[in-house]
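The residues making up each chain are set out below.
Protein chains: 2
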Amino acid sequence: MSRPREFDPELAVQGAMDVFWVQGFKATNLPDLLTAMGLTRGSFYKAFRDKETAYLAALDRYDELVVTETVTALTNCKAGSAAQCLSMLFQSSGDSRRGCFICNAMVELGPDHPQVAERTGQMAGRLRDAIRDVLVRSGDQTDEQVNGLADTILHLYFGFQAMGRSGGGDADWSLRLQRVLQ
Amino acid sequence: MSRPREFDPELAVQGAMDVFWVQGFKATNLPDLLTAMGLTRGSFYKAFRDKETAYLAALDRYDELVVTETVTALTNCKAGSAAQCLSMLFQSSGDSRRGCFICNAMVELGPDHPQVAERTGQMAGRLRDAIRDVLVRSGDQTDEQVNGLADTILHLYFGFQAMGRSGGGDADWSLRLQRVLQ
DNA sequence: AGAGTTAGGTACCATTTGGTACAAATCAAA
DNA sequence: TTTGATTTGTACCAAATGGTACCTAACTCT
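So the protein sequences, as listed, match chains A and B. Oh and the first sequence: position 8 is 7 in numbering that gives the first Met the number 0, straight run, nothing missing. Oh and the second sequence: position 60 is 59 in numbering that gives the first Met the number 0, straight run, nothing missing.
Don't read these hints as lab results, they were simulated from the structure. On a predicted model such as this, the values are computed, not experimentally measured, just so you know. Heads up, some of the hints might be wrong.
Unchecked claim - A partial selection of chain A residues facing chain B, derived with a Cβ cut-off under 7 Å: (1) Val106; (2) Thr119; (3) Gly147; (4) Ala161.
Quick reminder that beta carbons are idealized off the backbone N, C-alpha and C, glycines included.
Working from the sequences, and respecting the hints, build out all of it.
Structure, rendered in structure tokens:
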């Protein structure tokens, strides 16, 4: 019928996710983006409307990939305490300067891009729910406390990621969480 | 000797602070910046080397102005509890979508701009110290706990500001802090 | 008043930006 | 093998970008 795609759309979007995650939207120009996605201009603009659409697709991919992985990791956590489970959110990875794509997107585009704000809100909600489940499972908290506490830990998480972008030092978050959780 | 300045340098930098704070570095183009500073190109490039230098000056002004004000407010806080004092950090202002310039700068430029990272680290340190002083004054914590706790609350603060950029809802942070502080 | 020095204003510039046009290439179906 | 449909690659474009050149204006000192 027609010429088939030569690139894997999922891999391309993943490439977009990687650059946008590290560099942000405005700081990523088209050559950067094309290189990361492994596409030429022609293919890119056929498959995606424009840079912005690619960015939203990258955000969605982050949701499917990273957020989902984090959520399931929290859900399946077999550690002894809630603090130990949640401390996985605060392990500075090898490339901590990427930070968290949600946080980066909120800060860069949240104020004037409703589509971004909606997606980041959605993803933040998924993280918050997973955190709450950990707390509920632990049974250490009253139902009343659990919601506010999950939100507090989510805020801690974003603060951690934001500071990580400019190279914040690491601390023993398992201990800190232990204190926060009482 | 020579023609005197017609503009107030401090006010100009303050204008730069305002735009950069809201829009970030890359999203602020020269016309935006000049308007905010009340300068023409000629005066701008005479007084500042380039856009980047103006940004750093804006960061420094933020330190002198906003950070200093926050620090002294915390230092002079006469509220009954540490939680009440610290909750002032979590009041969503009228324009909460500006967020916190420190947080915005860390996220946007931290990874690849050492001069920015250094300044944000400095300012974050000042905030952390002020928070710690509040905790010390309250006497509710052991000296050992105080440092980690101040850092935790600083992280909460940046998380709050990051989420505020994309319109996070507000909560009763006085109560939450009360719980975090035990 | 004239010279010297610096600020203000603007026309201009090279580069980079995101995006488009269009021809060549690659497939399936007839 | 021809036709039809879609992808790929690239030349191209207008607009926006940050920055400079340079002339005029305003002030001080002699």
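Hints, verified against the model:
1. Val106: holds, 4 Å
2. Thr119: holds, 5 Å
3. Gly147: Interface hint status for Gly147/A: holds (6 Å vs cutoff 7 Å).
4. Ala161: holds, 5 Å
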